[in-house]
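Enquirer: Protein chains in written order, with our numbering: chain C, 47 to 369; chain S, 100 to 528.
Keep in mind that the hints are not guaranteed to be accurate.
Using C-beta positions, here's what the derived DEER-type ranges look like [to be verified]:
id, chain 1, residue 1, chain 2, residue 2, range
1, C, Val-190, S, Gln-174, 15 to 21 Å
2, S, Gly-360, C, Ile-248, 38 to 44 Å
3, S, Glu-475, C, Val-190, 44 to 50 Å
4, S, Gly-316, C, Gln-300, 42 to 48 Å
5, S, Gly-507, C, Ala-192, 30 to 36 Å
6, S, Lys-322, C, Thr-303, 40 to 46 Å
7, C, Ile-248, S, Gly-507, 42 to 48 Å
8, C, Tyr-102, S, Glu-153, 39 to 45 Å
9, C, Pro-85, S, Glu-153, 54 to 60 Å
Source of the hints: derived by calculation from the structure; they are not laboratory data. For each residue, glycine too, the CB sits at the ideal point set by N, CA and C.
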Amino acid sequence: MSLSATTAPPSPAAPPSPDLPSRQRRGRLLNHLDVKYSPYLYIAPFFLIFGAFGLYPMVRTAWMSLHDWDMIGEHSFIGFDNYTRLFSDEYFWNALVNTFGIFALSTIPQLLLALFLANLLNRTFLRAKTFFRMAIFMPNVVSVAAVAIVFGMLFQREFGLFNWLLGLVGVDPVDWDGQRWSSWFAISSMVNWRWTGYNTLILLAGMQAIPKDLYEAAEIDGAGPWRQFWQITLPMLKPTFTFVVILSTIGGMQLFTEPLLFANGNILGGSQREFQTLAMYMYEMGISNLNTAGYGAAVAWAIFMIIVVVSLFNFLLVRRSAK
Amino acid sequence: MSVTTRRTRLAAAALAAITAIGGLAACGNDDDKPAAGEKPAKLVVDTFGEFGYEDLVKQYEKDTGIKVELRKTAQLAEYRPKLVRYLATGKGAADVTALEEGILNEFKPNARNWADLNPLVADHSKEYLPWKWELGKAPDGRLIGLPTDVGSLAVCYRKDLFQAAGLPTERDQVSALWPDWKGFHDAGLKYKQGSGGKAFIDSITAVSNGVMFQGNGDLFYDKEDNIIADTSPAVKNAWDTATSMADISAKAQTWSPEWSGGFKQGTFAATFCPSWMLGIVSENSGAANKGKWDVASVPGGGGNWGGSWLAVPAQSKYPKEAAKLAEYLTNAKSQVEAFKAKGPLPTNLEALKNEAFIGYTNEYFSNAPTGKIFGESVAKIQPTHLGPKHQAVKENALEPALRAFESGQADKAKAWEQFTKDAKTQGAF
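Based on the sequences and whatever the hints tell you, model everything.
Expert: Dropping the structure here:
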């Protein structure tokens, strides 16, 4: 190391005193410790917090999932029984289908719209760019519960705005939380409203990082804006787009608050579980039902695995298609 | 860079790390038990909804010098997960905890979470409705809870809407319309006809609740707590009665926006009212509808929908004082005060005979003598045995199936199949 005792200057603040050599030695030792270990101390808070609130719950959940666990009573080790039970659990698969359905309905149109908006905002001729960029992010600042409550009111059967509008054009009122398609549609609209602007901004940041001279060169070669978008923007945006897709996947797989509030807080998500998501099913088994906490933990780990697999799949898909 | 600044930096980093570790370690252990006989400085009381304890607690503070903190949670659905967390982690529970019947049953199989009140309070077993007192006991004989209120049944109805549809409006005449459930359905059909096709009741799950809690036999569990949801005649009876009312129902799920808005908009003219529901009806209907509601008797005799107990969690540091506080809050005088304040119906026999209780009239409900109406129906209540996961079976199996039928998503046979299947999984414990 470069910071040896000979190069370290004596402290100018230290008053001269008879025991200088020993003080110097101590200073040297501290100096050495400082250089060697203090970086670890600086990053320690994150790891301590992650250990306490991230790693420990994960390990504990894994441990719980191997038990027949009563939240407020006994628990006994049963190995992988909870996981094998998952495969024959009709409601687990139902929740999986719902989650993927709502995920598809919210992610695909949302990302396309975000891409479109980002491209618009990226145009040089747009006035008041900052205003639009901020405005588009606003929905994301609103609390998710507020969004869900307001949308829940809009989608009400009796006094809802959407049914009133449908009535104006002569369509019968829709029982929004009564069927699969309508409830999925309602929930995805909340997700879309909230997250489109967020994704737009990330995509916009990615677009801004694309060198301008590429576009200039393309323009000289006679490429129109559409062609530029397909041939320059999209390929160059690939890493950002992959990131956005993975982020949306994680969010979509964990969807909880919107469907829960849409069901007036009922964890079943509709009278026939039309829109119960995986996260809701995990809560139902792990927390609502006191005596199936172990099974709920198994559902939690299943969700984790599914997120990993789906993210990986989406990652590969986006990489390939963008080539 | 000088040594001193470097040293300060090192010290600061070390300090930060130590604080972080110390902070985590501090979560570990703090259940230092107080010395025997030491008087607590403060007791905490957890309730949901409205128990009417504000003034009672002030009096207790004055009498004993022990401070009481009232922690109120608006809805049971919010209250339960918090309580479960306290019990699962062994921390945070209040010294006196209100338990609704459904929750109490759920906690009974693990009665060790609760202090046994038998040695802590005097013997009050003769002072309360006998069945109510018995329900406060766990299978192992442990006395978990002291009785607070009971949810005796009545029907709340809109006088103005009844009149417009050509039905009688005076409460005795209205009660005479429906001596039984058949009569109730007929009245509903008449209302529908007279009002141009408007719905009569809020939902068929409200009907099933009304029928189930009239005590016509075991519901989802038999006396040995075996699940019998698919074969129980009482459940089948509730099911058949409820499904027969689909043609007069507004299909408004209880607690949903359609439901709470429906009170104000008059999308239904009647609903079932346990005593504690009166406050909810008046709140949802708003001041504009004051005097338009009235209270009539329920078809087929009294019933019990809901009601609570006060318990002391085993984790309380002052079980003896907490039990004394629970004893005070549930005695005859306190129960009358609580009823006058917020409406929970007394279960203490002396309180039920109290003049202040019997003579009470409710201004919002056209001055209906609610003390008399509910007090009389309390005496008729038949004890219904509710098993450990009664609430889960009711809320997550029976009611969704009824709603699926009501909204036309499933026919009667398919809905019944859905119910029996879900009842098995929801009812397992």
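Enquirer: If any of the earlier hints don't hold here, list their numbers in rising order.
Expert: Per hint list: zero violations.
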